[in-house]
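The whole structure should be built from the sequences, with the hints applied where relevant.
As they're listed, the protein sequences go chains A and B.
Note that the working numbering numbers the first sequence so that position 221 is 205, with each residue one more than the last.
Take any residue in the second sequence, count from 1 to its spot, add 9: that is its number in the working numbering.
Hints in this document: simulated from the structure, not taken from any laboratory.
Straight-line alpha carbon distances no greater than 25 Å define the calculated PhoX-like cross-link-like pairs of lysine-lysine that follow:
#, chain 1, residue 1, chain 2, residue 2
1, A, K67, A, K(-11)
2, B, K75, A, K399
3, A, K168, B, K28
4, A, K256, B, K19
A short list of chain B residues far from chain A (calculated; beta carbon distances all over 12 Å):
#, residue
5, S11
6, E12
7, I13
8, T14
9, T17
10, L18
11, D22
12, Q84
13, K85
14, I86
15, E87
So the derived list for chain A, only partly shown, Cβ under 8 Å to chain B, looks like this:
#, residue
16, Y52
17, R82
18, Y85
19, R363
20, M470
Every residue gets a Cβ at the ideal spot worked out from N, C-alpha and C, and that includes glycine.
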Amino acid sequence: MGNTKIRVALAGNPNVGKTTLFNAITGSRQHVGNWPGVTVEKKTGVKTYRGYDIEITDLPGTYSLTAYSMDEIVARDYIIEEKPDIVIQIVDASNLERNLYLTTQLMELETEMIIALNMCDLALERGDKLYIDRMQEILAAPIVQTVASRDIGIDELLDRVIEQKQDDKYHGREIGYGDVIESKVLEIEKILLTDPSLQKKYPLRWMSIRLLEGDGNVKAKVEKSPVSKAINQLLASIDQEEYEAEIADKRYVAINAIFPQICTRCNVRLTKSDMIDRVLTNKYLGIPIFLALMWGAFELTFAFATPFTDMIERVFVWLAVNVSSGLEPQWLASLIGDGIIGGVGAVLTFVPNIFILFFLLSLLEGSGYLARAAFIMDRLMYKIGMHGKSFIPLLMGFGCNVPAIMAARSIEDEKDRLITILVVPFVSCGARLPIYILLAGAFFGRQAGTVVFFMYVLGIVVAVISAKLLRSTIVKGKPAPFIMEMPPYRVPTLRTSIVHMWDNGAMYIKKAGTIILLGVVIIWSLASFPWGIEYGSEGSYVGMIGHFFAPLLEPLGFDWKMTVALVFGLVAKEIVVASMGVLYGVGDNPAALTTSLIADPSITALSALSLMVFSLLYMPCVATLGVIKKETGSWKWAIFALIYGIVVAWLIAFLVYQGGKLLGY
Amino acid sequence: MSEITLDTLKPGDMARITKVRVKGPARRKLLDMGMVAGSEVELVRKAPLGDPIEFQIKGYHLSIRKEEASQIFVQKIE
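Here's what the structure looks like:
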């Protein structure tokens, strides 16, 4: 006999410790994936307790359950469609009014509810008084006081879950909206009642209220029903915007009536958070402190990871040599050595960066600073058609585009997020630097530094212009409104940060890793076949591709060797340098490569500059394409990024080369 | 007493919301976050570059852009 299963959903506002509570209950037994069809993260976990298997689904953190965002739709659809046995709402005890707003909406979904009153310690410390018994009575739901960060109240919460499951009686409660609204709600409900299939599926009172508020997603649910005509007629006769405001208002009126009965708040004029904010978001200090913190995060993510990345690279080079050395036939040795082991190595070299970045992001988020970072940068980012939250991903792009694109996950609005993902590849990552160093060093002598700096600036300029361009063409519309809670500063919990780091690292390896590996193997085959040629030489498929495309790139000042090197750059841009070494027959010797480049009559300073520009802008590397596909959920955007990048790179390199020639260089 | 908009307040000023004239999805979100007629708000601070603006409302801190704030009408509480 297996255990009885109880399905529990966790709901709650953002920043109330929902993830911490989820981790405290499920420990390491959790699974991270996506909700079907959308890029919203779905986490589930199982806890075996007193002979029950309690299966917990962590719903996205939301302030409300309207159709404002994908998160809200996902959360409420789960409750309505999947009908979990119990919904636990995590309520921040130090911020009851706004948290209860969600409670009023959860009530209307007619589901069994338990309230976990979290962070009671903070509220009580401040001097608030909470009247738990009265609260249970008014909200008609069991209330458990928890401090998730210290594992307090978890067992009691699970006890209540089991009790509630054993008790068949429905404990419901709803709030009234006053005569005018209620009569309209009743009118709609009456029409809906005539369709038994709707009645079986949905809570009709909830549905009526949502329709009255002009909820498009709920309207779509009614669209297929025979009653839709009558509903549309009725809705056409009323001002839904007016009702929307009125209903929200009435919910807060109800909360205002409840609040004094359940809590006496001690009004502290200047909280610790306020004091911290006086410094961190100070008019003069705010930006310098922000930049210093970002510099620190950047250094930690990339400099700190370098020894680990180097070690992984060395291990895989060693593996490739040793595993493949005894193998026959030779093509198999090459496939395993250069192709597969090299490919797995290429995937894993990003892991240290990704782990550290997500650990730091989780610390920033958990402490409350991430919201301040967006607050500080929003003005600037808004001017270029982006959101304050886009800044951190763009900054991380200077290290490596792969974790940078993953960092865009903190942006809620789909369009804002998409634009950020699509422009990150123009930010000059660390892998492009070796190309600049080689070419600028060989052809620009004392101006080399200036030229490299110009590349970085060009990357930023193209990213900004692209953001503007995308905004006015295929991702139309203004950036999402900036309506953001500034949560109080807190000490982040180590467990939450470690779990966050682990989840994202594992997801990268599983999802993006396979795509990257595939890409590497394809490039390997192109460089190795037809069989018998030297790896990556003129006679290989890559060489042929280089020759084939050479005429297209000739106006940019490139010969076939440069074209071949660029094809290899798809795997990772630093490979451009290595493959030029192969093509010039000098191997791994940078000094010899520099000499042969200068001696080659087909490369001038101008074509070297053009090559640098092209390397900066042309399509994202395989790893970046893999992550774009993973993060946007479709190949469409990865392919768009690829083509858009090539077109932009070609145009700008063309301007540089032909413009330079006209000027007589 | 005359009606002013939320963005014209100074740090430390308190006001009561009279009307939310914001349109589109921002309206829904603002209502959900407690920006409803009758709510009391206090302007806490402006971002270092002057926008967005942080308010205290319903016992928590919320920041919104000037653009939305200029469409929320309030009466100043002296």
